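Q: Given next are the chains, with one letter for each unit.
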Amino acid sequence: MKILIIEDELGLQRSIAQYLLSQGNLCSQASTYTEALERLAVYEYDCILLDLTLPDGEGLQILNYLQKMNRTEGVIIISAKNSIHQKIEGLSLGADDYLVKPFHLSELNARILAVVRRKSAHGERHIEFNEIRIDLDAKEVHVNGKAVYLTKKEFDLLLYFVSNKGKVISKSAAVEHIWGDDSDMADSFDFIYTHIKNIRKKLTDVGSKDYFQSVYGIGYKFTEA
Amino acid sequence: MKLFTRYNRILMIISLFGLLLIGILFYRMLIYYLDQQIDHDLVEEVMEVKEYSAEGNFYQPHEFEDLIVQYKKIQKVNPSSSYADTVFYNPVKHRKETARYLKTEFNLVGQPYQILVIASKFERQEQIRDICLIILIPVTLLFALVLLINRVLLRKIWSPFEQLLKNITAFNINHERPYEPVEMPVAEFRQLNKVLVELSGKVKSDYNEIKLFTENASHEMMTPLAVINSKLDNMLQSHVLNKEDGETLMELYKATSRLTKLNQSLLLLVKIDNNLLQDEERVNLKSLIEEKQIYFQELITERNITVETVLADVTISASRSLLEILINNLFSNVIRHNYDGGKIKIILDEEKIVFANTGHNKALDPGKIFDRFYKDNVSEGTGLGLAILKQICNRQHYQLDYSYHQDLHTFTVKFNHQ
Chain A
1 MKILIIEDEL GLQRSIAQYL LSQGNLCSQA STYTEALERL AVYEYDCILL DLTLPDGEGL
61 QILNYLQKMN RTEGVIIISA KNSIHQKIEG LSLGADDYLV KPFHLSELNA RILAVVRRKS
121 AHGERHIEFN EIRIDLDAKE VHVNGKAVYL TKKEFDLLLY FVSNKGKVIS KSAAVEHIWG
181 DDSDMADSFD FIYTHIKNIR KKLTDVGSKD YFQSVYGIGY KFTEA
Chain B
226 MKLFTRYNRI LMIISLFGLL LIGILFYRML IYYLDQQIDH DLVEEVMEVK EYSAEGNFYQ
286 PHEFEDLIVQ YKKIQKVNPS SSYADTVFYN PVKHRKETAR YLKTEFNLVG QPYQILVIAS
346 KFERQEQIRD ICLIILIPVT LLFALVLLIN RVLLRKIWSP FEQLLKNITA FNINHERPYE
406 PVEMPVAEFR QLNKVLVELS GKVKSDYNEI KLFTENASHE MMTPLAVINS KLDNMLQSHV
466 LNKEDGETLM ELYKATSRLT KLNQSLLLLV KIDNNLLQDE ERVNLKSLIE EKQIYFQELI
526 TERNITVETV LADVTISASR SLLEILINNL FSNVIRHNYD GGKIKIILDE EKIVFANTGH
586 NKALDPGKIF DRFYKDNVSE GTGLGLAILK QICNRQHYQL DYSYHQDLHT FTVKFNHQ
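Sequence order for the protein chains is A and B.
Note that this note's numbering has the first sequence beginning at 1, numbered continuously upward.
Note that this note's numbering has the second sequence beginning at 226, numbered continuously upward.
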């Protein structure tokens with residue numbers, strides 16, 4: 001996928017690019033409003049990551065531009081502002097998602113995939129990983145054609161891991177994905193273990209291989225090898 | 226005691242004492258002058274007696290003079306005279322009356338006599354009484370009138386002041402409404418009013434500035450936090466990490482997460498303060514609590530905590546986001562401060578929500594637990610959860626109470642049904 005990262009904080013820009021590149025994407029970077037417009041005038045992307053406060057312009061104007069030019073790229077706003085007004089404004093101007101800083105790169109990656117999936121016309125409404133097939137509409141998981149009954153949280157977690165396959169996802173990223181940021185539970189990560197254990201068991205029970213790997217007690221990786 | 230009650234009381238006490246004193250003095254003075262006058266008359270009568278005796282007669286006063294003269298033969302003249310009060314029988318009016326007499330001795334028609342002249346004071350006393358009444362009644366009336374005018378006038382003059390007091394009481398730093406100035410005819414009050422307007426304006430702008438500062442500071446921290454977080458996420462992918470690095474990373478994640486949470490909580494507090502969450506709607510609390518219970522289910526089972534719920538089907542009108550945060554924080558709190566295998570009790574009825582939990586701690590200080598950054602030493606939270614709870618209750622005009630009984634820390638949110 002081709003992804004444009006519009007972000008003036010270079011440290012963050014580089015980290016995002018690094019993570020997305022390692023997932024097999026192509027990344028362009030822009031640190032200013034003008035630079036972003038230059039890129040957009042020449043290239044087309046699958047997804048655009050947009051920071052709203054740029055040194056030489058408002059990120060929202062880029063949304064205006066994209067709308068005016070009838071562009072079809074998926075846009076995810078990444079902003080430090082967690083305001084309902086700004087979310088509504090951004091989404092009504094054509095953004096597809098709104099991610100509040102700070103976020104985990106795995107979360108960003110999962111959102112990019114979700115946005116691109118939604119955008120693509122011939123909508124791949126399911127994801128396959130070897131013998132596992134995840135149906136996104138029906139929220140069902142099948143292993144070799146056999147249904148696996150997961151709870152909503154387990155389903156979300158599996159999807160999250162599959163979206164970031166091959167990557168280590170820290171417990172804290174997994175907790176935040178499932179719980180959002182409105183619970184004052186930031187310090188209790190360990191119960192995520194129970195979830196992973198349950199998913200593992202449910203998958204292997206119907207003949208799936210165990211793809212979850214624990215990494216130094218800090219997180220998990222969903223990977224082939 | 227109200228200012229003008231106090232003022233009136235002092236005024237009344239002083240006036241009463243003053244009037245009493247003046248009255249007594251006045252009365253004494255009158256009596257004194259009266260006695261002097263009577264004494265003078267008595268002397269004149271004695272002169273008359275002497276004049277009559279020079280002609281060889283005994284003087285007898287007319288009946289209508291309220292005066293009698295008594296002669297008493299004595300052995301020897303002891304030239305002296307004395308005045309005194311007495312009571313005598315008025316032969317004309319046939320009654321006893323107070324009187325004054327002059328006793329003196331001298332030779333009458335060549336014989337030594339003691340002469341006693343007694344004059345009735347009755348008429349004069351009547352006069353005094355009349356004079357006193359004539360003066361006392363108007364003075365008393367005047368006094369009453371002054372008090373009355375005082376009362377009315379003071380009330381009128383103080384009425385803008387009372388309005389002013391009402392407005393100060395109504396002034397709330399968290400509300401949009403500024404301090405309302407009052408029209409003041411009195412210069413001092415006008416000045417007070419002016420000072421208050423300025424002061425409230427200053428307090429408000431300072432407070433807003435602090436809020437803005439908190440908001441900006443927290444916002445500014447979010448971007449560096451995002452950088453740290455993303456760097457950690459990338460570092461985690463490294464294949465050369467050993468166990469020690471893993472632990473370090475874990476600690477870093479935890480610290481970053483806490484810092485993020487802290488910032489978010491501060492921003493949330495500002496948001497609630499600024500009344501930015503105004504999505505008022507009908508919210509079914511029972512289903513909200515049940516929803517949140519599922520949301521927190523893993524945490525609860527993980528720690529083997531028993532949940533006991535008594536939920537009535539209650540729907541109230543309030544901001545949905547605030548209620549969600551409220552229930553979230555109540556849940557987080559009862560889970561966080563519980564022990565493994567502990568108990569949570571949730572009660573919902575038309576009047577209140579009650580969250581109670583078992584915990585390691587004994588009773589907490591209800592005056593302190595809702596303070597910002599109040600934490601017990603084992604708590605790993607931000608120390609803002611309960612402060613946010615309190616803030617939401619303030620905003621929604623709910624009453625938030627903490628109590629501890631039967632080994633349960635109990636938080637009660639009482640709704641305010643208007």
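None of these hints come from the bench; they were simulated from the model.
Predicted model only: the values in this text are computed from it and were never measured.
Virtual Cβ for every residue (Gly too), placed ideally from N, Cα, C.
Warning: the hint list may mix true and false statements.
[Unchecked claim] Here are a few chain A residues that sit away from chain B, every Cβ distance over 10 Å (derived from the structure):
id, residue
1, M1
2, L12
3, E73
4, I76
5, E176
[Stated by the list, open to error] Cβ-Cβ distance ranges computed for the label pairs, FRET-style:
id, chain 1, residue 1, chain 2, residue 2, range
6, B, Q624, A, N144, 45 to 51 Å
7, B, G566, A, L10, 46 to 52 Å
8, A, G207, B, E515, 34 to 40 Å
Q: Just pull the numbers of the violated hints for me, sorted ascending.
A: 2, 5, 6
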